[in-house]
Amino acid sequence: MIELGTEKKAAPITARQREVVALIAAGCSNDEVGARLGISPRTAKAHCDVLRQKLGVRRRRQIPIAFRLLTGEDPLSITYGWALRAGSR
Numbered sequence: 001m002i003e004l005g006t007e008k009k010a011a012p013i014t015a016r017q018r019e020v021v022a023l024i025a026a027g028c029s030n031d032e033v034g035a036r037l038g039i040s041p042r043t044a045k046a047h048c049d050v051l052r053q054k055l056g057v058r059r060r061r062q063i064p065i066a067f068r069l070l071t072g073e074d075p076l077s078i079t080y081g082w083a084l085r086a087g088s089r
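Heads up: the sequence shown at position 11 corresponds to 11 in this note's numbering, and the numbers run straight through without jumps.
By construction, these hints were calculated from the structure, which means they are not laboratory data. Heads up, the beta-carbon is just placed ideally off N, CA and C, and yes, glycines get one too. It is possible that some hints are incorrect.
Distance ranges between label pairs, derived from CB positions [what the hints assert, rightly or not]:
| # | residue 1 | residue 2 | range |
| --- | --- | --- | --- |
| 1 | 72 | 43 | 25 to 31 Å |
| 2 | 60 | 11 | 29 to 35 Å |
| 3 | 65 | 29 | 16 to 22 Å |
| 4 | 74 | 52 | 17 to 23 Å |
| 5 | 40 | 68 | 14 to 20 Å |
| 6 | 31 | 72 | 16 to 22 Å |
| 7 | 29 | 77 | 27 to 33 Å |
| 8 | 72 | 41 | 27 to 33 Å |
| 9 | 14 | 65 | 27 to 33 Å |
| 10 | 11 | 42 | 17 to 23 Å |
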């Protein structure tokens with residue numbers, strides 16, 4: 001069960017973190033997230049760790065669910081530059 005933290009208002013999620021949420025929701029690994037966004041897998045993992053902390057979840061797979069509960073947005077509907085780059089190959 002996911003319980004979003006209630007102590008403080010949730011920290012804002014950056015545009016890059018939104019891209020990471022979308023890729024996690026699509027089932028991408030840190031290696032795949034890194035390749036799609038032009039960052040290292042380690043940086044992708046760091047984004048994932050920050051998202052887990054911001055969203056108050058323990059597991060990576062809970063990130064898209066918590067994001068949707070918090071924002072009301074479907075993470076799979078998020079498209080940014082990575083979607084255009086991936087489609088142009």
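Looking only at beta-carbon atoms, does the pair residue 72, residue 41 fall within the given range of 27 to 33 Å? With a Cβ separation near 30 Å, residue 72 and residue 41 satisfy 27 to 33 Å, so the hint holds.
Taking the Cβ atom of residue 72 and the Cβ atom of residue 43, is their distance within the range 25 to 31 Å? Cβ of residue 72 to Cβ of residue 43: about 28 Å, so the range 25 to 31 Å holds.
Assessment of proposed distance window 29 to 35 Å (beta carbons of residue 60, residue 11): violated (18 Å)
For the hint 14 to 20 Å, verify it against the beta carbon of residue 40 and that of residue 68. With Cβ atoms ~27 Å apart, the hint is violated.
Could you see if the CB distance from residue 29 to residue 77 stays within 27 to 33 Å? violated (21 Å)
Between residue 65 and residue 29, does the beta-carbon spacing fit 16 to 22 Å? holds (18 Å)
Does the Cβ pair residue 11, residue 42 satisfy 17 to 23 Å? holds (22 Å)
Just tell me: holds or violated, for the beta carbon distance of residue 31 and residue 72 against 16 to 22 Å? violated (30 Å)
At the C-beta level, are residue 14 and residue 65 separated by a distance inside 27 to 33 Å? At 19 Å between Cβs, range violated.
Could you say whether the range 17 to 23 Å given as a hint is met by the Cβ separation of residue 74 and residue 52? holds (20 Å)
The structure shown violates the earlier hints numbered 2, 5, 6, 7 and 9.
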